[in-house]
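Protein chains in written order, with the numbering used here: chain Y, 1 to 241; chain G, 1 to 241.
Hints in this document: simulated from the structure, not taken from any laboratory. Any given hint might turn out to be false.
Since the list can't tell identical chains apart, any single copy or any two copies may satisfy a pair.
[Said to hold, decoys possible] Below, in silico cross-link-like pairs of lysine to aspartate or glutamate (EDC-like), each with a Cα-Cα straight-line distance of 20 Å or less:
hint, residue 1, residue 2
1, Lys-136, Glu-220
2, Lys-31, Asp-217
3, Lys-31, Glu-220
4, Lys-31, Glu-192
5, Lys-207, Asp-57
6, Lys-11, Asp-63
Number of protein chains: 2
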Amino acid sequence: MISKSQIRYVKQLEMKKYRQREGAFVAEGPKVVGDLTRSGFQPLAIFATEEWDGPCDNRVSGDELRKLSFLQHPQQVLAVFPIPEADVPAEASGLCLALDGVQDPGNLGTIIRLADWFGIDHIFCSPDTADAWNPKVVQATMGSIARVGIVYTNLEQLIGNCRLPVYSTLLDGEDLYRQELSEEGIIVMGNEGNGISAPIRKLVNRKLLIPTFRTGDTAESLNVAIATAIVCAEFRRRSRP
Amino acid sequence: MISKSQIRYVKQLEMKKYRQREGAFVAEGPKVVGDLTRSGFQPLAIFATEEWDGPCDNRVSGDELRKLSFLQHPQQVLAVFPIPEADVPAEASGLCLALDGVQDPGNLGTIIRLADWFGIDHIFCSPDTADAWNPKVVQATMGSIARVGIVYTNLEQLIGNCRLPVYSTLLDGEDLYRQELSEEGIIVMGNEGNGISAPIRKLVNRKLLIPTFRTGDTAESLNVAIATAIVCAEFRRRSRP
C-alpha cells in the first residue's frame with residue numbers, strides 16, 4: 001500500500017526545486033537502482049513489486065508502481081536516493097569533461113553513460129546545464145550516474161585555474177585526427193544550439209574539428225553527445241598501450 | 001489564414017498510417033525546410049510567418065503556426081513534402097548502415113545526421129525500425145534526411161545477397177581498433193534493448209567490440225547512436241588518404 005503523500009513526495013521529485021529542497025532523486029528499474037546500490041548509494045525509500053528480489057521497504061502492486069513512476073513502462077522498482085555531496089576535486093586531473101549549457105536531458109544522460117564507458121571520472125557542468133538528477137537524465141545514463149562524478153560549478157573559474165590543456169570542438173579547429181592529444185585534459189562541450197559561451201571559448205587552447213567525410217552540401221554539425229563520443233574515443237584510442 | 005481542414009491534414013501526419021495514405025511528411029524550421037528544398041524536395045504546402053523569406057503559399061500568424069506545429073517552439077515555417085520513392089540500389093555498395101529495429105525516433109534522427117556527416121549515402125532499415133518520416137525523426141536529423149537515402153526493406157534478404165563484409169558491434173566481437181576494416185561494408189546496428197535479431201546476427205561476418213576504458217564495474221553498453229558514431233568515425237579515419 002502506498003499513501004497519497006508518498007505519491008506526492010515521489011512525483012514532486014520530477015522538479016529541480018523539490019529535488020534540491022529534499023536533497024533526493026528518483027531512479028527506476030533493476031539496472032539503474034541496482035547500479036546505484038552496488039556503488040554505495042543508500043536508498044531513502046524503495047517501492048517495488050513482487051518481481052523485484054532486492055531489498056524493499058514498500059511492497060506495491062503494478063498499478064501502484066505506475067502511479068509513482070515517470071516511465072511509460074515501469075519496471076519492478078522505483079527508489080529514492082539522496083543526491084550525493086558534490087565531491088569537488090581541488091583541481092581537474094586525468095581526462096575529464098566540462099559541459100557548458102547542455103540543455104537536453106537525453107543528451108546529458110547519454111554523455112554521462114559514454115563518460116563511464118571511456119573511464120572518465122568527472123564531468124564539470126555549468127549551472128545552466130540540465131540537472132543530472134532529473135529522472136529523465138538518471139534513466140538515460142542506464143546506471144552510469146552511479147560511477148561518474150557530476151559537479152555543478154563556475155566553469156570559467158575551474159578552467160581558468162586549471163593547468164591541463166583545454167580542448168573543444170570548434171568550426172575553426174584543427175582536424176582531430178592530425179592533432180596531438182594529451183593523456184590528461186579537459187574536453188569542453190557546449191549548448192545544442194549555441195555551442196560554448198564566449199568567456200569559456202577564450203579559455204580553449206586546443207581547438208579540434210571532427211572532419212566531415214561528405215563533399216558538397218553536408219550536415220552543419222553533429223549532435224553534442226555524438227561529438228563528445230567521437231572525441232573521447234579518439235583520446236582513449238591514442239593513449240592505449 | 002488557415003482552415004480547420006488544413007490543421008487536421010497537418011496534424012494527422014504525425015501518424016504513420018496517415019503519412020503512408022497521403023505519401024507526405026512534415027518538416028519545420030528554416031534549416032530543415034531549407035535543406036530539403038535545396039536538395040530538390042518539392043513542397044506540397046508551405047505555412048510560414050512573415051519572418052520567413054523563402055517561398056510560401058500560406059502566410060500564417062505565429063498563433064496559427066503554433067496550431068500546426070509539432071514543436072514546443074515553432075520556427076517561422078512548416079512545410080509538407082512528399083515522401084520520396086525509395087531509391088533502392090540493386091546492391092549495397094560503399095559504406096552503408098543497416099538498422100535492425102532501432103525504436104527511438106531521437107536515435108534514428110541522430111543516426112541519419114551522423115551518416116550524412118560521415119558521407120554514408122544509404123541506410124537500410126528493417127520494417128520494425130522507427131519511421132524516418134515521423135516529425136520527431138525529421139527534426140532530429142537537422143536537415144540531413146534531405147541527403148541520406150533511407151530504404152525500408154527485408155534486411156535478411158538484402159544482407160544475405162550482398163557481397164560486402166557485414167560488420168556489427170557484439171559483446172563477443174574483436175577490438176574495433178585492432179581489426180582490419182574494409183573501405184566498403186555494411187554496418188548493422190540493432191534495437192536499443194535487444195540488439196540485432198537472431199537471423200541477422202548469423203549474417204554478420206566481422207564482429208566488432210568498442211573497448212571500454214574503465215576497469216571494474218562499468219557501463220554495460222553504449223547508446224546505439226553513440227556506438228554507430230564511434231564505428232563510422234573509425235572506418236572513415238582508416239580510409240583517409
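Going down the list of hints, with the structure as the test:
{"no.": "1", "hint": "Lys-136 with Glu-220", "result": "between (27 Å within a copy, 19 Å between copies)"}
{"no.": "2", "hint": "Lys-31 with Asp-217", "result": "between (42 Å within a copy, 13 Å between copies)"}
{"no.": "3", "hint": "Lys-31 with Glu-220", "result": "between (36 Å within a copy, 10 Å between copies)"}
{"no.": "4", "hint": "Lys-31 with Glu-192", "result": "between (29 Å within a copy, 14 Å between copies)"}
{"no.": "5", "hint": "Lys-207 with Asp-57", "result": "neither (51 Å within a copy, 44 Å between copies)"}
{"no.": "6", "hint": "Lys-11 with Asp-63", "result": "within (15 Å within a copy, 32 Å between copies)"}
The structure shown violates just one earlier hint, number 5.
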